[in-house]
Amino acid sequence: MGAGCFPVLSVLIYVPLLGALILLFVRREHTTYIKGLTLVFSLIEFALSIPLYFYFDDKQVGMQFVERASWFPEWGISYLLGIDGISLLLILLTTFLTVLCVLCSWRAIETRVKEYYITFLFLETAMVGTLCALDLVLFYIFWELMLIPMYLLIGVWGGPKRVYAAIKFFLFTMAGSVLMLLAIFALYFQFYKTTGAYTFDVLQLYNAHIPTNLQYWLFAAFALSFAIKVPMFPVHTWLPDAHTEAPTAGSVILAGVLLKMGTYGFLRFAIPLFPAAAHAAIPLISILAIIGIVYGALVSMMQPDLKRLIAFSSVSHLGYVMLGMFAFNMQGVEGSIYQMLNHGVSTGGLFLIVGMLYERRHTRMIADFGGLSTPMPIFAIFFMIVTLSSVALPGTNGFVGEFLILLGAFRANMLYGIIATTGVVLGAVYMLWMFQRVMFGEVKKEENRKLRDLGKREVLILCSIVFFIVLMGVYPKMFFKKMDTSVEGFLQFVKQRNAYYMAYEGSPVKVVLDITGTPGGSPGKPAE
Amino acid sequence: MPELVVTVCALLALIIEAFRKGKGASLASGIVCLAGSVIALYYMRCLWNQNIQLFNGLYVIDGFGTFFKFIFLTILFLISIISLAYAAREGIGFGEYYALLLLGVLGMMVMVSSNNFVTIFIGLEVMSLAIYVLCGLVTGNLKSVEASLKYFMLGAFATAFLLYGIALTYASSGTIDVKQLAYFIKEDCFDITPAFFCGMALLIVGFGFKIASVPFHMWTPDVYEGAPTSITAYMATGVKAAAFGAFLRVFYTGFLPFIDDWSAILWFIAVLTMIVGNVIALVQNNIKRLLAYSSIAHAGYILVAFVTGDKVLSSSILFYLMVYAFMNIGAFSVVMLLGRKGEPNEDIESYAGLAGRHPFVALCMSIFLLSLTGIPPLAGFAGKFYIFSAAIKSHYYWLAVIGVLNSVVAAYYYLRVLMYMYFKEPERELGAIDLSPAYVVVILISIAALLYMGILPRDMLLLAQKSVSIF
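Quick mapping for you: the protein sequence lines, in order, are chains A and B. Start counting the first sequence at 4; every next residue gets the next number (my numbering). Start counting the second sequence at 10; every next residue gets the next number (my numbering).
Hints in this document: simulated from the structure, not taken from any laboratory. Treat the hints with care, since some could be wrong.
Below, a sample of chain A positions facing chain B; criterion: calculated Cβ distance under 8 Å [said to hold, decoys possible]:
#, residue
1, GLU32
2, LEU155
3, VAL166
4, PHE173
5, LEU174
6, LEU184
7, LEU185
8, MET442
If you want the footprint, here are the derived chain A segments under chain B, 3+ residues with CB under 8 Å [to be verified]:
#, region
9, 129-137
10, 141-149
Glycine is no exception: its CB is placed at the ideal position from the N, C-alpha and C atoms.
Assemble the whole structure, with the sequences as input and the hints as a guide.
Structure follows, in structure tokens:
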């Protein structure tokens, strides 16, 4: 490994925190200076994360750039970091979107600028930390740490109903995660009971032997916590409120990264830790995912508010991610990871675009727009590309992800695949209809006639989004080759563990048969 | 010995008061009090690994007691710093104030360092009497007097229950020594009578009152609200810690053979305490009342670990009490800092827009509230982490689930204060706040302690684990 013993992940985690600490000492009047400094830090962070991509060895299964330090050895808590192909790509997405968020907040945020950027950098630390942590306690700490800055972002800089949205977001997520904490303890003591060692190290816990009954409970606790974050169908209700009320950058990060933490949690923790339970949950999760896909699409169709529409489309898109993941085949899982990245880029892009509109008109109601392509031609082009990417037009990134997911779903279960495909059609309906109502037709409102077109900064932001949309659409191999080995390893592992549990579940029955069979001699056989 | 230092300082404070009057006397006794706590802390250093029986087993010095003494002296240290500013502002200018603070701590120390029921009772009385008086020290403030009287009346009842419990236990076992009680029971020649169980139940009532558990919590909100805020902080942390200390010692040694019986009772008390405390706190508009109900709820969390009867993990109780002391003293110092003479500013409205006016104070308050909520990496999280791990380890799954869901409910009202501070604009003009160095020092110490115990809980927890090795 080229990185040697340089603790690159720790640096990656704490650079934003350092930035936040430095910002604390800057006088609040110097807003330009604060913004500049934040931009510099987020750029450094992005620059630091790029070498990860090149130094990452895509032939090697397992974790790389591992850092391990003892923290509380008596309890088996350690400071353990490491990434594989899945978290690598998500980290890149995080650092990339953070730069864009800093740029897009340049004009949008005018009150308490200093606190805003401190919160943002703090959030970045928590996000990167969550993606790198391989110790359950460390993971949980970063996981909970993400809540506070997001709560503040929504609550302080959000829209009119921000207080309600912020508290709802916080309580929903916390309710899920405290139950996960209990499941972590149960897992920890179970591992101690079977092996006699206390550890929170995920890589060791993967090999824990957990009775199937207990697995169901533990998986349920983990899955609930992650499902709330994803969000999956019945527990998604916090999302539209949080998205609608959050400031643009908050929505981008929420959609782009925070939701992925839920799906990432499934991949990294819930499934490999409890494979038997995960297998048993396939029908439940798949059906909820499909309901999410169709329901999200139908509801978004009827939304009068642009941001709410995109929020519900997120429910639909994340439904695809979950469906693909629980297909448990190469296409499904890879498609699902790819779709996570896509959703970050495309939906992030859409939120940025809506944010730009909002800055100009201070409204997000579709009815207030119409015919915007006349005053804002450049804007129209970008909006079109991002919309099409969200609809999954071939040639854009969305297509690759959805195609693979549907392929995987078909292979796993024909019926699921067929119903999920209707979501694609519905997706096209709500996105294109929205686009048509906003951009085409006559300019009905006087205010819309004089709208400024995009400035240089905004063009730069959208160019980078479009660059990735096209790159991921036409050359997906660049990303797949990094995750291939990891996904293969993941599937192999899950399969092997499942076989192990099947054998284990089978064996006691056999033993019982033997016992009844041997002493009596006769009663074992007559079935033949 | 720290007890002697504290006693001498208390007497010294009284003498100073007797010979001098006015502001100087109050300041001098404050300094005596502060010095006393520091010297006592210094002398405690060599007590950690001791195990000494004094006066025929009436008094013991062991790791368990020493840990609690460490908590009490830390509380005393912080409270006496705050009092230098607060007592001067509120006109509680008596030397007795500090003398009583010291005597209260003396009572607490006696309470946790004995295996003998009589000594425990004496300690409890010394502590309680000091606090009854402290609650009513603000002359002319009706609420304060009411609090004092209420606490005294109910406290006297609870003490009677405790004493009756001790008497019944003595009557049926013939011993007032907790350790011997355990031996008797082990040797099987012991006749378990209904009277013995009554005694045990009455002891739970007596201790349950002091730790403010439901249904013995009725006094808490009124007394916490009425008492001078520095005393509220002192009570909420010190009395609770002392009561838990004695409670632990009695039930984890003497009554441990009957764990099935008492943990069933305490299971319900723990659940009730958490739910009632948290739910009522949701609708409080006075910050002191809110913290009072939250302190009830926290007693419930601690009881969760108590119920399990896990000897090693009972260290989580000690750890939590330590953490809790810092969180609460920190939060109450912010409350004090916002008030002024005759204008306590205790309603939640006075916190509106605090982040805009005083970002530093708001940040500190948020840290304390988030720690109370149990958000990592603050110490409140570490505390809850060990408490609930104890519950899971002993297979009290439902209790743990109820506990963590309660902490979500609790998040709502802590966040409500946070929301007022950060999201709302002030509705009325609030004057300058009292940013005297005494408060700031205490707040900074508390924050440092919370961060330290949150990020590196190892040292403190291992110390706590060593302390509970006496069980």
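Okay, the hints, checked on the actual structure:
1. A cut of 8 Å between beta carbons decides the hint on GLU32 (chain A): the least distance to chain B is about 14 Å, and the hint is violated.
2. This hint holds: LEU155 (chain A) has a C-beta 7 Å from the nearest C-beta of chain B, less than the 8 Å allowed.
3. Taking 8 Å as the C-beta contact cut-off toward chain B, the hint placing VAL166 (chain A) at the interface holds, the least distance being around 5 Å.
4. Using the Cβ-Cβ criterion of 8 Å, the hint placing PHE173 (chain A) at the interface with chain B is satisfied: the shortest such distance is roughly 6 Å.
5. Residue-level restraint check for LEU174 (chain A) holds (minimum Cβ-Cβ distance to chain B is 6 Å; threshold 8 Å).
6. Taking 8 Å as the C-beta cut-off, the interface hint given for LEU184 (chain A) holds, the closest approach to chain B being about 7 Å.
7. Look at LEU185 (chain A): its Cβ gets to within about 5 Å of chain B, closer than 8 Å, so that hint holds up.
8. Contact between MET442 (chain A) and chain B, as hinted, is not supported at the beta carbon level, the nearest pair being about 35 Å apart and thus beyond 8 Å.
9. Coverage of a stretch by a chain is defined here by at least three residues with a beta carbon nearer than 8 Å to that chain's beta carbons; for the region 129-137 of chain A and chain B the count is 0, and the condition is violated.
10. Counting residues of the region 141-149 of chain A whose beta carbon lies closer than 8 Å to any beta carbon of chain B gives 4, which meets the minimum of three for the stated coverage.
Comparing the model with each numbered hint stated earlier shows that hints 1, 8 and 9 do not hold.
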